[in-house]
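Dock chain to chain to rebuild the complex, using the hints, since each chain is given by itself in its own frame.
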Amino acid sequence: MQFYIQQTLNALQVGSVYALIALGYTMVYGILTLINFAHGDIFMISCYVAFFFSTLVISVLAGLPPLVVFVLTMLVSMFFTALLAVVIERLAYKPLRTAPRISAVITALGIGLLLENFMVAFKPVGPAPRFMPELIPNVIYNIGGVAVSNIQIVIIVVSIVAMVILDLIVRRTMVGMAMRAISWDKFTVPLMGIPVDRIISLTFALGASIAAVGGTLYGMAYTIDPYMGIRIGWWAFISAVVGGIGNIRGAMLGGFILGFVEIFTPVFLPASTYRDFVAFSLLLVLLIFKPTGLLGRPMVQKV
Amino acid sequence: MSGNGNLLTVEDLVVSYGSIQALHGISIDVKPGEIVTLIGANGAGKSTLLRSISGIVPLQKGRILLDGEDLRKVPAHRIVELGVAHVPEGRGIFANLTVTENLKLATWIRKDKSKLDADYERVFKVFPRLKERRSQLAGTLSGGEQQMLAVGRALMTGGRLLLLDEPSMGLAPVLVQEIMQTIRAINAAGTTVLLVEQNARQALKIASRGYVLETGNIALAGSAAELMNNDRVKAAYLGG
Ligand SMILES: Nc1ncnc2c1ncn2[C@@H]1O[C@H](COP(=O)(O)OP(=O)(O)OP(=O)(O)O)[C@@H](O)[C@H]1O
Ligand SMILES: [Mg+2]
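Sequences listed follow chains V and G, in order. Take 23 as the starting number for the first sequence in the numbering used here and just add one per residue. Take 782 as the starting number for the second sequence in the numbering used here and just add one per residue.
With the rest of the complex left out, here is chain G (with noise of 0.2 angstroms):
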């Protein structure tokens, strides 16, 4: 356990790909129980950073801890172990799988293999539409239940932090609010959410705190309501 109670920490991470610098040194922290919210333009660097929490993309400088656990070391499936759970940006479904089979091989650190078939029900409880189509191939879903299979994947990783890029790209606006609906009772049921949306109006509706990232660097930081009334964020993320 860490000193500060924080689930992730972020201190002074620099990410580069190649020569470009991608980010320049942002530190965050999300508390257990929290729904965080990344909000950013694009090229912003969002993306970036939740792929350096689960190890995807490597750090060149700071540290990331997961419950005061450094992860410099560790590898992205190992991470997956430790909790982290992440939907990454265009889903990232298995499109040459079943619906089934993308979501039993998201179990594949699962030691608890009793708890599993608790597991899928809870996901099929959440998306009902998964379970009319579970032996269908992932990829033959619509846009809107393939976010639902990603995310239900995610959950099935039994993760505590869950990473979300985007959830709602491409989706309907009445879709987009159900998702954000879902994303809220994934978090009431005791997952800890760090959210990467464009769409900051619906983000922030639902999350409790949030960053703004620019260019790399962390811009505004603030309880969600603050950054709802920020006169910057409302200009550039919330359309005046």
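Only chain V is shown next, with the shape it has when bound in the complex (with noise of 0.2 angstroms):
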């Protein structure tokens, strides 16, 4: 029993990382029907950002609590991943919005390989996988016979904080309605006076953001190396499609569904390795039977 429990709260931790990651593909889908294919890796650099950050606090302002240096580093995350994301975004897809889809997918490509390699041949990164400073002191308390992590709380509570407050911006604010718009007509809703590419920047700045909320939160448990957006995006993504892509509530559902496929993988079969063909196999069969994804409905009918 407390072996499975301990197991669910590991899936909680990686699935909520894999929720915040699938709520930027939902979202750029849901608006530009793009796959943004670089966005695992806008994940990395989120990363990173944190990393150099908390570096540079740590040494310049010790003696920080440590509650404002954890603070501090998301929100400077934050703000520079949404920065790099809305200059990708005017640069790279801005000028293919009317160009054949397919363009516009293999720019994305393109541009995590960019992102990847660039992070690589960057001296101060290099290839090899670094720790984060300890932003929080890490803590453990057992309860009855489970382990818990106050590091481990803090990405799951945070994160589920993160979503609900983006379910709210989409949700109830004129931002998200004019983004639900676009994702249904973007051709009538300049006619309301709406800027849609002012709109279609900030769908990206949104989701740059909600990841890097995953992305320092995953620095504070693991390893970060210029390659881990690709298996984790995908993962993200597969999330996003299994939920529903375009759903914002599905990629929360798909991203916590992929966290117990990851998990409990290696509990009923033989080796974690599997975990990627139990991923994709999921997938595929989820297709077949539900094209839409869990939470995904089929279009309604336009009268």
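Any given hint could turn out to be false.
[What the hints assert, rightly or not] For lysine-lysine, the following DSS-like pairs were computed, each having C-alpha atoms within a straight-line distance of at most 27 angstroms:
1. G:Lys842 <-> G:Lys854
2. G:Lys842 <-> G:Lys906
3. G:Lys812 <-> G:Lys842
4. V:Lys208 <-> G:Lys842
5. G:Lys885 <-> V:Lys208
6. G:Lys894 <-> G:Lys912
7. G:Lys854 <-> V:Lys116
8. G:Lys912 <-> G:Lys892
9. G:Lys896 <-> G:Lys912
10. G:Lys894 <-> V:Lys208
11. G:Lys896 <-> G:Lys906
12. V:Lys208 <-> G:Lys912
13. G:Lys854 <-> V:Lys208
14. V:Lys208 <-> G:Lys986
15. G:Lys894 <-> G:Lys906
16. G:Lys1015 <-> G:Lys986
Calculated directly from the structure, the hints in this document are not laboratory data.
Given below as structure tokens:
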């Protein structure tokens, strides 16, 4: 029993990171029907922004309370990652908006490769895995035989809070409404007086900053390297598709499902190396029976 | 302000889609407070004209002036801010949003937020049906209700020039009458209207003036009464 509780906690931890990244895929797909294959690498960059900023803050402003360092690091990573995503959108994707969709997809793959290779070649980063400095001193509690670390709790709680905030933004604010309107019919949106290009940029910024929440949290628990975005990006992308790409809550659900797949595969199968096999099989089977994903609805009939 | 007192002036407008020229140099004007109708067969270029006024289709030659201000370099969302409210062909409502959200979205550019409540009330007074259904997804409204929503949304932008593209399309005859009376009431309350209609008889009934568009050219222009009694108009658009 304790074992399963333990694994469930681990699955929630991993799943919340997938969910945070999946949201970026799903939002961009929702408004542009573009799969932003660079998003996993944007997540990777967010980890390095957090890495460098926290290293700097801890050495320059030693003695700052851990909570302050943590919050500052997350905000700075969110800001710079959002900025990067908007620059990429403006320079690389926007000129291709009327081009065949495949051009934008290939461009996205190219941008991903560029980010990875830049980070490998960039001296202060390089190919070696790194540990982010300890933002919050690690404490492990033993609750009835289940080991729970404070980091684990922070990751799960902060992720859920970020998701709730994003969900509220999309559901309740004018910007969120505009995003949903664009996903339905982007040609009518300007007739409402809404600057579509600005909303698209904002969507990229939001998707990147929520990935950066995930990036900062991830860096607190695992090592980071320039190629980390590939596998994690794929898993987050599968999460988005499993939940129903274009659907915000679907991306969250999908993220947690993939978290459980990752953690429980080695429990039921002989090795964790089967996890990609399980994840992709799940995706294939689901797409056969429910092509729109778990929460994706077939488009409401236009009248 | 323009010297000629027009709210809208279109001069020698040429618009093309790729290599297909849809408008071959047309000129129209609309004075403040008028209802002007544009009639013409399928493919004549009526929707194209409205789209170029609201800036979603670029103009190739000619000028469009709103209150004397040249709209050439103005992006579509800013043209709404200048007072043009466009109800597009096929309504263009956001089916995945509720009725209230559709209306709210149209207030994006409104700076006079204090007047919004009064404007919602006005829309709900004109279209009580929308009030009953305000938390319903717009995609689940009937065709007539969607048309009401499309017009209501345009009113919420606070525009002074309302461009209506075939508001009667797909509506039962009773509803057509009703929507025409609504347009007249909206106009009486101070909004200038440029009305595109295939239902020429109904449109000429409420309009003061009209233009007949034929394959991208203005074929005829005149007061509603003149057009209604014109033999060509009678034969081609009023069913003889
Ligand atoms: N997006 C487009 N791409 C290419 N050609 C177009 C496009 N939109 C319209 N056209 C062409 O431009 C011409 C004018 O079309 P428009 O839609 O303005 O006509 P209309 O008078 O509104 O017709 P209807 O009464 O059928 O709505 C037509 O020949 C049409 O085929
Ligand atoms: Mg038309």
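Hey, lysine 894 of chain G versus lysine 906 of chain G, does the alpha-carbon distance stay inside 27 angstroms? 19 angstroms, holds
Distance restraint between lysine 894 of chain G and lysine 208 of chain V, which requires alpha-carbon spacing of 27 angstroms or less: 25 angstroms, holds
Can the restraint linking lysine 208 of chain V and lysine 842 of chain G be considered satisfied, given a maximum Cα separation of 27 angstroms? 26 angstroms, holds
Does the structure keep lysine 885 of chain G and lysine 208 of chain V at a Cα separation of 27 angstroms or less? 17 angstroms, holds
Is the Cα-Cα distance between lysine 842 of chain G and lysine 906 of chain G 27 angstroms or less? Not satisfied, since the Cα-Cα distance of roughly 42 angstroms exceeds 27 angstroms.
Lysine 912 of chain G and lysine 892 of chain G were given as a pair; does the straight-line alpha-carbon distance stay at or below 27 angstroms? Satisfied, since the Cα-Cα distance of roughly 24 angstroms is no more than 27 angstroms.
Check whether the Cα positions of lysine 208 of chain V and lysine 912 of chain G lie no farther apart than 27 angstroms. Cα-Cα ~26 angstroms, so holds.
Check whether the Cα positions of lysine 894 of chain G and lysine 912 of chain G lie no farther apart than 27 angstroms. 20 angstroms, holds
Restraint status (C-alpha distance of lysine 896 of chain G to lysine 906 of chain G at most 27 angstroms): Holds, at roughly 15 angstroms.
Is the Cα-Cα distance between lysine 842 of chain G and lysine 854 of chain G 27 angstroms or less? 13 angstroms, holds
Can you confirm whether the C-alpha distance between lysine 812 of chain G and lysine 842 of chain G stays at or below 27 angstroms? Within the cut-off at roughly 23 angstroms; holds.
Is lysine 854 of chain G close enough to lysine 208 of chain V, meaning Cα to Cα at most 27 angstroms? 21 angstroms, holds
When held up to the earlier numbered hints, the structure conflicts with 2, 14 and fits the remainder.
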